[in-house]
Structures are given as structure tokens and as C-alpha cells.
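Trainee: Starting from the given sequences, assemble the full structure and let the hints guide the process.
So the chains spell out like this:
There are 2 protein chains.
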Amino acid sequence: MSLLVQKYGGTSVGTVERIQAVAEKVAKFKLQGHDLVVVVSAMSGETNRLVGLAKEMQAMPDPREMDVLLSTGEQVTIALLCMALKANGCEARSYTGGQVKILTDDAHTKARIQSIDEKNIRADLNAGRVVVVAGFQGVDENGSITTLGRGGSDTTGVALAAALKADECQIYTDVDGVYTTDPRIVSAAKRLERVTFEEMLELASLGSKVLQIRAVEFAGKYNVPLRVLHSFQEGSGTLITIDEEFSTMEQPVISGIALNRDEAKVTIAGIPDIPGVASKVLTPVSEANIEVDVIVQNVAADKTTDLTFTVNRNDMLRAKAVMDAVAKELGAKSVSTDDTIVKISIVGVGMRSHVGVASEMFKSLAEENINIQMITTSEIKISVIIEERYAELAVRSLHTAFGLDKAE
Amino acid sequence: MSLLVQKYGGTSVGTVERIQAVAEKVAKFKLQGHDLVVVVSAMSGETNRLVGLAKEMQAMPDPREMDVLLSTGEQVTIALLCMALKANGCEARSYTGGQVKILTDDAHTKARIQSIDEKNIRADLNAGRVVVVAGFQGVDENGSITTLGRGGSDTTGVALAAALKADECQIYTDVDGVYTTDPRIVSAAKRLERVTFEEMLELASLGSKVLQIRAVEFAGKYNVPLRVLHSFQEGSGTLITIDEEFSTMEQPVISGIALNRDEAKVTIAGIPDIPGVASKVLTPVSEANIEVDVIVQNVAADKTTDLTFTVNRNDMLRAKAVMDAVAKELGAKSVSTDDTIVKISIVGVGMRSHVGVASEMFKSLAEENINIQMITTSEIKISVIIEERYAELAVRSLHTAFGLDKAE
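If you read the sequences in order, they're chains Y and P.
The opening position of the first sequence corresponds to residue 4 in this note's numbering, with each subsequent residue numbered one higher.
The opening position of the second sequence corresponds to residue 4 in this note's numbering, with each subsequent residue numbered one higher.
A portion of the hints provided could be inaccurate.
[To be verified] The calculated BS3-like cross-link candidates involving lysine-lysine, where the alpha carbons are at most 25 Å apart (straight line), are:
| no. | chain 1 | residue 1 | chain 2 | residue 2 |
| --- | --- | --- | --- | --- |
| 1 | P | LYS104 | P | LYS58 |
| 2 | P | LYS28 | Y | LYS58 |
| 3 | P | LYS104 | P | LYS283 |
| 4 | P | LYS283 | P | LYS331 |
| 5 | P | LYS58 | Y | LYS31 |
| 6 | Y | LYS58 | P | LYS31 |
| 7 | P | LYS323 | P | LYS306 |
| 8 | Y | LYS122 | P | LYS104 |
| 9 | Y | LYS28 | P | LYS58 |
| 10 | Y | LYS104 | P | LYS104 |
| 11 | Y | LYS336 | Y | LYS283 |
| 12 | P | LYS28 | P | LYS168 |
| 13 | P | LYS323 | P | LYS336 |
| 14 | Y | LYS104 | P | LYS122 |
Calculated directly from the structure, the hints in this document are not laboratory data.
Mentor: Right, dumping it as C-alpha cells:
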């Protein structure tokens, strides 16, 4: 018997039938003797409907009122789920974020949780009730309703699990776990039983849309065991846990391979190689509110330097315009762009204690005649930029090279 | 410059365009220098949609969760109206019932208001903001959301006006005021400039669906000047006010004529005329949860008595079954029913100080050869039961007889 916080996303509660299916599932856990706190999102489509109404009222809807509006989505779901639980003979009580109360700052539409009062929830759990909490929302010091931004329901789940010292925070979604890579690219991709918070962060930021980065960070910080599971299929999912629980023997060198197709490359060539030049190039980019991912700088023989960085493809033309101005000012030779590239990353806490992971990666790509355009490394990740047409080939060959293919 | 509480019902905020029209109207009042508290209902259709979802979850939806669910309807409207007000350059802030806070008892789905904290609203008004409050909802001592039952938004408006000592509570609806009788029956019906709370109570309970009885009672109790107006047409509507404001000279004897087509008659004849027999007849009716309206008892020459009462037409067959059992027990002669009757009432505080009102009414009906089946009177009302086919004729002749026809 343990205390579980379960979070069901918008698709899992998207229809009357699905809410009923979730209720049956929760009731089953309850019958097994677990204490349950269930966090739910708005029924899928509802948030978009409300946003649509808001935009008809005001071109830029007032953030405070936007939160009043959007928070109704989850409020509908908690009430319906409690009714469905009671229809299943399971005592339940709903809580809005404000009722819990989940105290946040007053940054409407993107508030951050400051504290959670677990008193009422604890009393309901002790009374044998399932507690159903509206995800994505809280309340500020003045009693105004706030929301945590898209995907905030994951954060609500993790924060409640941390406050209640739950045994596990289970995120139910439409995939059955975290995979070594995208199964649509590599059919041999396998589900990971476990992954560390750090690896999950790298995988999430690289395009695995399974979990919100913020929730993973939060779970890591408060050491909340986090499990990703399929809402309506059996299975143990993927447990996201702290590093120390792995024994080095079991631990694979590489946990997963991420592919990011959203990047484009901008190169400014032939700029004077003097201190502060990188800042002169990149400050105008950030001032234009363009996020930069990979940055590589190389010194050429003629005392000039080339600087290449990647941005989101949607920002490439704006970045080019900024660079054209910078090039003029600094007397650079040229500015060029390329949006037919991808970023491939291998991620694994195991690479900390293994030498030769990078060379293994480069060798594997070389064997497929794939040219590497940029390289960047972190403690548990190596990313390369390659031509887009080699994306799938590169992922497949690395998946095999690092021994990630499914056992027969 | 005065403090106005304005209430707009579901039809008045039923679409994006109507919410915008309400916003423009409110902004105009604000520009004229008034302080404004605006109470709104859920967009028309929304409450029914939510009730439908609830019934799919649970045959008899849990009342606490029903309130969590239904209260989202008004919450959506307050947010949208505030956005629309801001788009009109009008500073505004929304409040749910809980945020105000409107404290109620814990009788979910039919809670009664216990107190209102006007502190926050007052601060916003002082800061020049329009305050938009969700009607129909409150919060109990434990912080659970409650609702006041259908039509509760009128009550919210009146209660806020009482708490804030507002100069007027304006109920905006789809009629332009209270009429001397139904204009669809008597084309000469005219709008009343004023009507007393007591008259309004009698008119409302007799089928004028303009205002909720509870809101009128509340307004009378706390002496809140209440005005009924059309949401989207100009006009001064009808002011519902206390008796004393009328001078007896201006005061008409009869204010209005109400027609109720929902009644049916049940007669039990030839029961022993002994003390307690009325109770023996009527207790089983109330135990069957059937509401009785008019009751008339007459003694016959043979020491037996006939007792006739009216019930809602939907309850007539059930009432008949109850009477058949009673008749057997008491040895009554017969039980008969009639659902082709109507009740016509003339209402007016003026009849207190005028004799001959009843005889004027009976004479007027006799001139049209309309037979009166039952009569019942109160201090400010005389009701008769007549055959249904004479309904319109009776209303028209009384309307003329009491001088209510529109001046040319």
C-alpha cells in the first residue's frame, strides 16, 4: 500500500467514455489499497475552445482574466471524474488549485508554484477518499486564479507528489514509456525501464514530447520518482529516477538517441578574431528574442574567425537579417544559412565513466559516409549537426552501434 | 453618480456578440460616472450542456461536484466580459462567488447566502474598476463551491446590492418591464412604471417569469430598489420598490392581472363533516410530495362536506390516486378531477384601502357569462378558478374593468 499521485492528460479525459475508463482504473488502484491523488487536465479541445472565445473578446486577452477562463477547463474535469468515481462506488472529492491551495506567484498564464498546503488533501486521504485535483492551476497571494502554462498539469502532479512525499508520481499519457529513440524511425527501438532525470531532461529538450521539461526538473530537484505510463494499456512504463539507484554494472553507456528536425544553421564568416567578438555577434540575436542552440567558433589561418550557430527554423530568416547588419558593422566576409540540417544527440549518464563514446559515435557515422558539420558535447550528451537527408540512417546506425536494438 | 448593481442573464450573454454588446452598455454607464458591479449568468445553453455531461457520469450526480461543475459556466462569462470591457477601454476585474466571498450554507445546488464580504469589491470600485461577479454561486465555510439554484443570479445581484448599499439593482432581461398582464393576451396591456415588492411577489408566483421570487423577497427584506429592464432596448423598465414610496393618490387599485394555466382541480365529495377531516385529506397529498395551491371547503346540508383543491396539472393523476385511497378510508361519495381550468388573479396593494374590489371582479366576469368555480383571497390578491376556454376573455374584461388599458 502506497501513496500514488496519478496525472491524466487531456486526451486521457477527452470524452465521457474516457473519463469513465479513468475512473474504473483509479477505482481499481484504490481497491488494491493504495492512497490516490489524481491530477487531471482539461478535456482535450476545451482549452483551445476557450482561447478562441478569449481572442474574439480581446486581441491580446488580459492575462488575469485568461487564467480565470482557462482554469474552468480542469474544473469541469475534476467534477466529472469525481462523479464517475462515485458511480464506481469510490468515495472522491475534487479540489481546484485554489482550494488545495497551490500558492503561486502572480505571473498570470505562466505562474510558478511557491508552496502547497497538503492539510486538506491529507485529511481526505485519511478518510479513505480519492482526491481529484485540477492540474495546471493555482492561486496567488491575493486570491487571483493563476495557471502554470501549457503542460502545467505534469508540474502540478510532481509538485503534489513532492509535497505529499508520495511513493510515486505516475504520468499517464498516450505512449507506454520513454524509448531509446523514436520507434517510427527505428523499429528496433525499445522502451527504457529506467532513465535518470538528467537523461530525461536531455531527451525531453531534444524532442521527446512525453513529459514537460519543467516537471522533470521539478521531480529531479525534489527527488520524486516519476513514471510515464500508457493511460489505457497495461505495462510498467518508464521510471524516471535519480542517478544513484543504478548500479554501474546494469547501466548502459547510452540510454537514448534524440533527433531534432527543427534546427537551422546560420554562419557568419571572416570576422576579426578579437576578444568579445562572439558577444558582438550573439547579443543582437538574443535581443531579437531568438533562441540559439548550438554554437561553434573556429579560428581560421588569416586571423579571422567563423562563427556558426543554430536557431529554430522559424527564426532563420530573422536571424539572417540580424547577421547581415552585424556583418556590415564588423566587416565580415559573408553570412550564410542552411535549413536542411538536423541535430542528433546520444544521451546517457554512462558516458561519464566511459571513454571513447564520442569516437565510437563519429566512427559509426563515418562508416555510413555521413559528414558531421558541427559537434557539441555536455557531460551526458554528444550532439552532432548533419545533413537532413541522413537523419534516419544516422539514428538507426547509432542505435545499433550502441547496442540499443531490441533483443530478439 | 450612483452605485449600480446590474445583472445580465444567460440570454443577454449567450453569444460573443451579446457579451460585447453588454460590455459596450456597461462602459457607457461607466463613462456617465456611475460605479458598477455587474453580475452575469452562464452563457445560455452552457448550464444544460454541463448538466448533460454530469448525468452521463452519474444517474444522480453528486451535489457537491455538481456545484463545482456548474459554477464554471458563470466563471467563463465573467472572464470574457472583463476582456470585452478592457477591449472597450474600461478597467475591470472578475470575481467568482468564492473570491468575493459570498458565504453560503452547504446545501449544495440550492444554497442560501449567509453573508457577503464587500471589502475587495469596494477597493476595486474605489480604484475606478468595473467589478464583474459570477452569479448563482458562493462558497461554504469549508471552501467548497456552492450554487444557489436556477435563477440564483438574480439573488446574487440583489444580495450584492444590499451588501454594498447600492442605489439600484438593475435586472436586465429579454422583456422591457413588468406588465399589467400578458401582452400576448391583452394587446392593451401596459408596462408598469412601478410595482411594490408584495405585488411583484404575487405576480411572479402567478406566472410572470420576469424575476425569481427569491430575489424579490430578498430585495423587499433589505429594501433594495430593484429595476427590471430590457438588455438591448432603451427604456426605464419597471421599478420594484417599497409600499411607502407610493402616494395613495397615484396608486391604482389593481396593478396587474396574472393568468396561470398550470393548475388542475381535484374534488372529494361527501366526506363526513367532522373536525380534522381537511387534514386527513391533505396530509397524504403533501406526503406524496404534491404541492397544493387553492383549497376550498363547503358544508352540504346532509352533514357531509366537499373539499376541492388545485395542484399542478402534471401531478393531477397522482393526486387522484391518493384521493381514491382517502375516499375509501373516509367513506366519501366520489372523487373527481378537472384539468381544463385556469386561475386568474388580480393583484394590487390598493385593494387594501378599497372596498368592493372583489364584487367588481365578480360582476365583470358575470357580465361575460363566466362561471366562477373557486375563489380565494389574500390581502392584496383575489384569485378565481374558471373554465380554461374563458381564460383570455376573462383577463381582457378584467383589464378593462379595472382601468388598466393603455391610454390612447
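Trainee: Are the hints correct? Go through all of them and say.
Mentor: Each hint, compared with the structure:
1. A hinted pair counts as satisfied when its Cα atoms are at most 25 Å apart, and LYS104 of chain P with LYS58 of chain P does not qualify at roughly 29 Å.
2. The straight-line distance between the Cα atoms of LYS28 of chain P and LYS58 of chain Y is roughly 20 Å, inside the 25 Å bound, and the hint therefore holds.
3. Only pairs whose Cα atoms come within 25 Å are accepted, and LYS104 of chain P paired with LYS283 of chain P is rejected, the gap being roughly 47 Å.
4. Annotation: proposed proximity of LYS283 of chain P to LYS331 of chain P holds, straight-line Cα distance about 12 Å (limit 25 Å).
5. Among the hinted pairs, LYS58 of chain P with LYS31 of chain Y is consistent with the structure: their alpha-carbon atoms are about 23 Å apart, no more than 25 Å.
6. Restraint check for LYS58 of chain Y and LYS31 of chain P: satisfied, since their Cα atoms lie roughly 23 Å apart, inside the 25 Å limit.
7. Restraint check for LYS323 of chain P and LYS306 of chain P: satisfied, since their Cα atoms lie roughly 24 Å apart, inside the 25 Å limit.
8. Taking the CA atoms of LYS122 of chain Y and LYS104 of chain P, the gap is near 22 Å; set against the 25 Å cutoff, the hint holds.
9. Straight-line distance between C-alpha atoms of LYS28 of chain Y and LYS58 of chain P comes to about 20 Å, which keeps the hinted pair within the 25 Å bound.
10. With a C-alpha separation of about 16 Å, the suggested pairing of LYS104 of chain Y with LYS104 of chain P holds against the 25 Å cut-off.
11. Taking the CA atoms of LYS336 of chain Y and LYS283 of chain Y, the gap is near 16 Å; set against the 25 Å cutoff, the hint holds.
12. A C-alpha spacing of about 22 Å is found between LYS28 of chain P and LYS168 of chain P, which places the hinted pair at or below 25 Å, so the restraint holds.
13. Annotation: proposed proximity of LYS323 of chain P to LYS336 of chain P holds, straight-line Cα distance about 14 Å (limit 25 Å).
14. A hinted pair counts as satisfied when its Cα atoms are at most 25 Å apart, and LYS104 of chain Y with LYS122 of chain P qualifies at roughly 22 Å.
The structure fails hints 1, 3 (numbered hints given earlier, in ascending order).
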